[in-house]
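Keeping their order, the protein sequence lines are chains F and A.
Position 63 (the first sequence) corresponds to 63 in the working numbering; numbering is contiguous.
Position 323 (the second sequence) corresponds to 323 in the working numbering; numbering is contiguous.
The set of hints was computed from the structure by calculation and includes no laboratory data.
Using 20 Å as the maximum straight-line C-alpha spacing, the simulated EDC-like pairs for lysine to aspartate or glutamate come out as follows:
| id | chain 1 | residue 1 | chain 2 | residue 2 |
| --- | --- | --- | --- | --- |
| 1 | F | K78 | F | D88 |
| 2 | A | K217 | A | E165 |
| 3 | F | K186 | A | E69 |
| 4 | F | K275 | A | E250 |
| 5 | F | K217 | A | E238 |
| 6 | A | K149 | F | D147 |
| 7 | F | K217 | F | E183 |
| 8 | F | K302 | F | D37 |
| 9 | A | K302 | A | E238 |
| 10 | A | K186 | F | D147 |
| 11 | A | K217 | F | E238 |
| 12 | F | K15 | F | E63 |
| 13 | F | K249 | A | E250 |
| 14 | F | K217 | A | E250 |
| 15 | A | K186 | F | E69 |
| 16 | A | K302 | A | D11 |
| 17 | F | K29 | F | E51 |
| 18 | F | K274 | A | E250 |
| 19 | A | K267 | F | E250 |
| 20 | F | K186 | A | D147 |
| 21 | A | K149 | A | E184 |
| 22 | F | K202 | F | E165 |
Now the stretches of chain F that chain A is said to cover, found in silico as 3 or more residues with beta-carbon under 8 Å:
| id | region |
| --- | --- |
| 23 | 139 to 147 |
| 24 | 183 to 191 |
| 25 | 230 to 243 |
In this text, a Cβ means the ideal position worked out from N, Cα and C, and glycines have one as well.
Protein chains: 2
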Amino acid sequence: MKIALDVMGTDYGPKELVLGAVMAVKEYKCDVVLVGDEPTIKELLKSYGAENEPRLTVRHASEVIGMHEHPGIAVKTKKDASIVVATDLLRNKECDALVSSGSTGAAVAAALFHLGRIRGVGRPSIATPIPSLTGTTVLLDSGAKVDAKPEHMLQNAIMGSIYAELMLNIKNPRVGLLNIGEEEIKGNEQTLATYPLLKEEKLINFIGNVEGRDINKGNVDVVVCDGFVGNVVLKAAEGLATAILTMVKEAILNGGFLAKIGGLLIKPALRGLKKRLDPEAYGGALLLGVRAPFFICHGSSKAKAIKNAIGAAVDGVERNICSRIAEDIARQTKADKVVGTLR
Amino acid sequence: MKIALDVMGTDYGPKELVLGAVMAVKEYKCDVVLVGDEPTIKELLKSYGAENEPRLTVRHASEVIGMHEHPGIAVKTKKDASIVVATDLLRNKECDALVSSGSTGAAVAAALFHLGRIRGVGRPSIATPIPSLTGTTVLLDSGAKVDAKPEHMLQNAIMGSIYAELMLNIKNPRVGLLNIGEEEIKGNEQTLATYPLLKEEKLINFIGNVEGRDINKGNVDVVVCDGFVGNVVLKAAEGLATAILTMVKEAILNGGFLAKIGGLLIKPALRGLKKRLDPEAYGGALLLGVRAPFFICHGSSKAKAIKNAIGAAVDGVERNICSRIAEDIARQTKADKVVGTLR
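So here's chain F without its partners, still in its complex pose (with noise of 0.2 Å):
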């Protein structure tokens, strides 16, 4: 098995995800093609002692794909992105699977341009693992698709129902849709829209409308909302518990002698919960309804999250994620259409 990493556009440059590839090939069985610029990544490989490593293969991409870069216009000029060069390892099946953290909206892009949708999928969502108090929540759509239809909404539940089964491992997953109450007559257009047709859904175990709370309490295992709203929460989510950390360890800095030993002794009992919230720990967000899996990094990973991630591409080949999508496409499509005719 082959994955396809894309090396450049990062925060922190190629380094992190090199190292990153360097520690996969040890720990998961599969080869990495690294993408972008060749001397920078033989260097690197010669500074980790990788440079012999007959599973790391370079491909050469002359250009890069910026994070404020106009996405559709970038990948459709740069013909010799990273991005798009990786994008196109996969279109060939020289690769199974695709990992990248550079600019989400490129990733997005060149995926839909250069791979393209599974048949029958809308638009395509990004699946984001979260934490709970019980385990793990899947969050989607977090960006791909802002202003989704009802019928994306939909799609995005079915789909998200896969991921939570397949790569989360939960049977028969608890699937809600995001909204301000618990009520059937609560939300806004698209959410009023959406609600009857995850309560027609068979493909889909739908349990109602959750709130914004539920989704780190554990009563729910998919959390369906539209990109706009998913991007904005886990940001905020994001937000708040560098905002909650940064204020417990000032209170305590603050709390004259006890509270900074109590600070020591509480330490090794706080690195386990750190690992819990980690968002490394996740590897990455996948983007669902494209026809391999393709995985989209944070900007700020490092080579730890990028070796789970691509942990996590060779996971949805192995489980044939995209088939099982395309399967459950066809028949939810095919059931559309035939409730059309009947109509």
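Dock chain A against chain F, hints included.
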């Protein structure tokens, strides 16, 4: 000055609200009119030794609107519901401001139908103060109007800016539009159409788009968003904060003897932090755009939160927040008409 307090329809029953009122008249220069079931309120006043406090009076209301009733229908059919009776006290100028911790939807509906909007305001908006790393940020709309139009979002920005100035004492508050990226080209239909309106508006200090992670950072004072997004984000933040604190507690309790000792040692230091993060400290959210200060507290508010909300209501009246909104909205709508004529 007289504050109307709706003591019914909350999670813990009227006892916390009546106690909050007893505490408030000791601390602030105001009278409180307690609206709800008279026998219950009188008994509670007696139990707090406040049955002869001349600054506390009771107004009987025979009905209550529950959390799960349809707000619009309930407000129209239950003419003697406590929130309706309390709102009528504002309309008849018997009271100057109102505090409620019953159903938010019912409060908004009562304010709309029984008190009315400030001239020129398209839709009222709920302003919620939230703690940031450097002080307090106000987020609005946190749930009054979903599917807000760009012109509603503009008025949210103007009203939120006045709130930050008068209630949070921030000079020239920085106004940001909650979005999925900082660039002007980022967003959904709603934010893309709102951005130019905010950019051109001279009544506010617009600093551009902000992201979810900026809400608690302290780099923006007024965060403008749609009522759906605001509601989901606030509830997600509430859930995440609870989840993190639960996880910290669990980690310390499961961390062995030393961790437990450490936990005890940091406790006093964390007490200050709890105060800083405590939503009770802020009392409540303010419904902006209606004809009198109208505070909506969390359904689970304890006496202290109610007392603080009454304090905030006193501030709102003293600082003439509604007149100031009326002035600025008149200026904005007038300017809009002039521009309209010139086009």
